[in-house]
Amino acid sequence: MDVVGRLSMLSILALLCVTASGAPSSAAEKQLVVLTWADYIDPQVIAEFERLQHAKVKFMYFESDDDRDDLLTQNNGSGYDVVLADGISVTTYADVGWLAPIPQASIPNLKHIDRRWRSAFPRVRQYGVPYFWGTIGIAYRRDKVPTEFNSWMDLYRPQPALRGKILMIKHARDVIGMALKALGYSQNSGDPAQLAQARELLLAQKPFVRAYSYVSLSKESALVTGEVWAAMVFSGDSITLRELDPNIAFVIPKEGSNLGVDYFTIMKSSTNKALAAAFINFIHDPQRNARIARFVHYATPNLAAQRYLPSAYFKDPIIYPSQVTLKNFEFFAPLAPPAAKLRNEIFQTLLQ
Amino acid sequence: MKLQPRILLILVPLVVAPLLLLSWVAYAQLRKTAEEKTFQQVDTVLDQLARQIQSELQSTEANIQLFANSPLLVRYLTTASATERYALIQPALMRLFHSYQRAYPDYGEIRLLLPNGDEDARVTTFASTTPLDRAADAALLSTFAKTQSDIDSMFVHGNGGELMLVVAKRLLFRDPASDPTTAPPTLRGYLVITHQLGALREQMVQYHDNLGAVLLVTDPGRTALSSEPDVATTPDPAIFTVLKQRDGQHVLGSYQNAAAYFLAHRVHPGLYAVAVLPEYLLRESMQGLTTAAASILLAVLVITVLLIVFGLRVLFLTPIATLNQAVRAFGQGNFIVPIGLQRHDEIGTLAESFRRMAKNLQRSNEQIRHVAYHDSLTGLPNRHMFREYLANVLNDSIRSKQRLALLYLDVDNFKQVNDTLGHHVGDKLLKEIAKRLTHCLRNETGRIDAAPDAAVDMVARLGGDEFIVLLPHLYESQDADIVAQRILAEMAGPFTLDARDFHVTSSIGIAYYPENGSDADLLIKHADIAMYHAKSSGKNNRQFFTDALRQATDTRYQLEQDLRRALEQNQFVLHYQPQVELASGRIRGVEALVRWCHPLRGVVLPDEFIPLAEETGLILPLGRWIIEQACRQAREWQDAGIDGVRLYVNISNVQLNREPVWELLAQSMQRFGIAGARIGVEFTETSMLTAPGHGVELIRRLREHGIAVSLDDFGTGYSSLNNLRRFALDSLKIDRSFVFDVHQSADSAAIVAAIIALAKSFNLAVIAEGVENTQQLTHLAALGCDGVQGNLFGEALCADDITELFLGVGSGSPAELVRRYVS
Chain A
1 MDVVGRLSML SILALLCVTA SGAPSSAAEK QLVVLTWADY IDPQVIAEFE
51 RLQHAKVKFM YFESDDDRDD LLTQNNGSGY DVVLADGISV TTYADVGWLA
101 PIPQASIPNL KHIDRRWRSA FPRVRQYGVP YFWGTIGIAY RRDKVPTEFN
151 SWMDLYRPQP ALRGKILMIK HARDVIGMAL KALGYSQNSG DPAQLAQARE
201 LLLAQKPFVR AYSYVSLSKE SALVTGEVWA AMVFSGDSIT LRELDPNIAF
251 VIPKEGSNLG VDYFTIMKSS TNKALAAAFI NFIHDPQRNA RIARFVHYAT
301 PNLAAQRYLP SAYFKDPIIY PSQVTLKNFE FFAPLAPPAA KLRNEIFQTL
351 LQ
Chain B
1001 MKLQPRILLI LVPLVVAPLL LLSWVAYAQL RKTAEEKTFQ QVDTVLDQLA
1051 RQIQSELQST EANIQLFANS PLLVRYLTTA SATERYALIQ PALMRLFHSY
1101 QRAYPDYGEI RLLLPNGDED ARVTTFASTT PLDRAADAAL LSTFAKTQSD
1151 IDSMFVHGNG GELMLVVAKR LLFRDPASDP TTAPPTLRGY LVITHQLGAL
1201 REQMVQYHDN LGAVLLVTDP GRTALSSEPD VATTPDPAIF TVLKQRDGQH
1251 VLGSYQNAAA YFLAHRVHPG LYAVAVLPEY LLRESMQGLT TAAASILLAV
1301 LVITVLLIVF GLRVLFLTPI ATLNQAVRAF GQGNFIVPIG LQRHDEIGTL
1351 AESFRRMAKN LQRSNEQIRH VAYHDSLTGL PNRHMFREYL ANVLNDSIRS
1401 KQRLALLYLD VDNFKQVNDT LGHHVGDKLL KEIAKRLTHC LRNETGRIDA
1451 APDAAVDMVA RLGGDEFIVL LPHLYESQDA DIVAQRILAE MAGPFTLDAR
1501 DFHVTSSIGI AYYPENGSDA DLLIKHADIA MYHAKSSGKN NRQFFTDALR
1551 QATDTRYQLE QDLRRALEQN QFVLHYQPQV ELASGRIRGV EALVRWCHPL
1601 RGVVLPDEFI PLAEETGLIL PLGRWIIEQA CRQAREWQDA GIDGVRLYVN
1651 ISNVQLNREP VWELLAQSMQ RFGIAGARIG VEFTETSMLT APGHGVELIR
1701 RLREHGIAVS LDDFGTGYSS LNNLRRFALD SLKIDRSFVF DVHQSADSAA
1751 IVAAIIALAK SFNLAVIAEG VENTQQLTHL AALGCDGVQG NLFGEALCAD
1801 DITELFLGVG SGSPAELVRR YVS
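Chains as they are written, first to last, in my numbering: chain A, 1 to 352; chain B, 1001 to 1823.
Calculated directly from the structure, the hints in this document are not laboratory data. Heads up, the beta-carbon is just placed ideally off N, CA and C, and yes, glycines get one too. Hints may be right or wrong, so weigh each one.
Rough simulated footprint, nothing fancy, chain B against chain A, three-plus residues with beta-carbon under 8 Å [to be verified]: (1) 64 to 75; (2) 337 to 345.
Residues from chain A that keep clear of chain B, each with C-beta distances beyond 10 Å, as calculated [said to hold, decoys possible]: (3) Val96; (4) Gln159; (5) Leu351.
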């Protein structure tokens, strides 16, 4: 690579740094930068917050968990006030030192939150406030697939007809973890032999996979158009998809799934920590929280908000899986470095 | 041998030999150049290949430098927490590596090795096994350790044996968290890029396809990359020792058991880009060149020869053939053959010369024709042309049963004009006559219609004063007569020549086809006869040929035949008539007169046959015989003692004109031994005038030798006094027509008296002939005539009788008569 090329690459990097760090300070009024999934919050609630707080909420979206990791790593955890992360990532981020501890007093609505979720992962109690919880399963076109789905193996070792008709999440923990589950192992396994099996399963599945990317939740979604017949999706999104096309069914495979919990965290580098806490507290106002739940179709850990939700909401097994179903569910656990390294290698090979 | 092969035989080798030489030199040069070019091409490709490899190397080294400075990598290596490193940063790092790989697909592996050689991270595109295992890495690192450079690169063979470029970079960082800024950076690991050379190999295959040369990237031990599908035989290592010394040169060696040229470029220490050019390939490409050169040469030769042949034909042979043809046509008399040559070169000039020559020849031919067919004096057709024309017209007439007429014309007194006024006047007269004749033709005047398309009238000059007119296609026989009359009338008009008027007349004989003959000769002859008839009928008239004329002609012919026979059979005899001297009464001489003793007709007198003899020329032998016979007789008389008597011989004008009369006389006189005093000759006035030199010389000779010369028939001719003076004569003979009535007519007596007076003044003796009675004798004697001759003194007598008379044997001698009647 020539000198010009090197210079341009450096300048792009520099530009990214400037944009990320300069954004909050450049606003005249208070501004809260929130890194989260797209469509994961009711915009009306945000508008209300902005009105009440005389502040501006700037949303930045990541497309995958890995994407978020990259964004944060690039700036060493700076540039954002509030970051939404899954439980095990909160543990990692806390360990890296990017997160600020959240004082209980700053979030009065914390009292409505089920304690169960607040201690589901190491150090989340201190650094995170649960937002919603959900699970991962298989959404599929009932009218296209030859048989109904009920096992992860239906996705990982699919019928020949599904060649090129599958979408997989671009997230190593989910893809490898569910493969381990399909094989009957723990999704957190660090055993190289089990991982080798999972690797084999994944490489065998690769020809069936149209892409490693998250399904779109719009009318143009490949699942709706029929380009894709089956996809790994989060439970709440399956309801959105079902509303787009009733033929899209969702199943939580019999081997169980990951019990995913999303937490709001406040970044150590944030200069708006008070506003950040106020934001987190605001969205856990029970009434507002209920509104958001209906918007996102996920199970809320806010017990008080449940009062404002219809009973049908609770009876939806997709949002609230039965206790029997939940029996085989696991949280993600931290991985030992060799295991992490191995999984990195497997996933990299898969994406190659 | 014809011209074309001969010229080709000379020209073709002249053209072909230099062409062959030139093409051989060009071919050799071309071949050398082509070989050099091939090697140069291969060399260029090798150079390109080497540069490409080196460029790949440089590019990879530059990239690895860049990659190594990535903040993520720095962060990764300086992160103490293994959890954080593997859970959080490694996926990002691998994604970064992956993005590098997407940008540089040739980077088969990007790896991170820990200082102890353990592999920490790897992104790979290799399907299954890692090309470099732990042992290979260890070897790599131990090599690397020996170098000072941060970056090292080497070409290594993968597990599959294929060549790969491995570039490694030492990763030296200070930990910004713990290390002081002055501390030396710690070795954190190595970044290793395994560069696949597949694209390079594809390039080599392409070069191979283009050049035909096998391309290898090799070291003396092992071939790493080959443009051939299977990794091929390694060239003999000995080649490399040579190649090392001669970079860019080619070396002949052996490759896969076949002769091949090797060319090499050093890429990297111990690594060469080698081209193997099979020798047969070079030979084959040269063969193509050879074939091409040979074909071009052949084509050029063929075209050249064809062009030469073509040019030869167009430029020379065809024109020559054309000229030849034209000249042949000229040779056959056809001068209007066009020469189909329009050129502006020498041949064109030659053709032009031929054309001019043809034109001149044609003109000359026409002139010759004109000269041959026309009379040069009058411009009229001549006898020759007339004969041809007549033959044609006659043929026509025979076919179309038409009549035709021939008018034979003779100018009656032309000879006189010619003789008296000279030739130039005669010539002018002839021209004028020709002009008038031409005017008289039917087609000239239009007065007598000729049949359309019919042959036209023609007047031709046959020679001298003889003309002939052809009147073809006569409707009526009068037509010819009309023309004849017209001619006579025209001719009657005076001719003005040299300011003097002349009057001439003409005689015309007319013959018709078919009445008077059916062939040209006969018709002309008959017209001629008719003309003679006209002449004898008083001239200045026309006569038709008639049966009577034919008969007369036949008679004449018979006479001519008899005359010839008479000469052969010696049927002639000489009779002698005495001349009596009036003063003495004595016989002074005799005139020899020839008599023809015809076997059937008896004695024929000269009047009947002499004109015919003169016409036919028989007068010459007859004249000779007469001279000889006369001389013999004179000798006899001399022997008999008869002296004082001259023997007079008549000499015809034909003889004078055609025979050396003097020599004949002299010969005979000598032969018989007689003197000139015994001989005399008689000429007519007219013959003297027509004789060469007017006979003056002849008379002088005769007189010198004592021969007497007498002028016969005096008074009838045109002789002038001047002539009388010039001729040194002895005597004159008064014509019998004057003597006939001298005793009755005063006029005749006056003329005789005048003649005698004239003769006396010239001192000439005067003899009168034809004296038949005594009255005449008395008158003549009274007028002073010197001598007489005639029947009164006896007819002409044969030799014996006259001899007797001389000897006085007979009765009634001349002397007695003279005595009685001459007072």
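Checked hints:
For the segment 64 to 75 of chain A, the assignment as covered by chain B holds, since 5 residues bring a beta-carbon within under 8 Å of that chain's beta-carbons and 3 suffice. Counting residues of the segment 337 to 345 of chain A whose CB lies closer than 8 Å to any CB of chain B gives 6, so the stated coverage by that chain holds, three being the minimum. Against chain B, the non-interface label of valine 96(A) is violated: not every CB pair exceeds 10 Å, the least being about 5 Å. At roughly 26 Å, the least C-beta separation between glutamine 159(A) and chain B is larger than 10 Å, which holds for a residue marked as non-interface.
Residue placement check: leucine 351(A) does not keep its beta carbon more than 10 Å from all beta carbons of chain B (closest about 7 Å).
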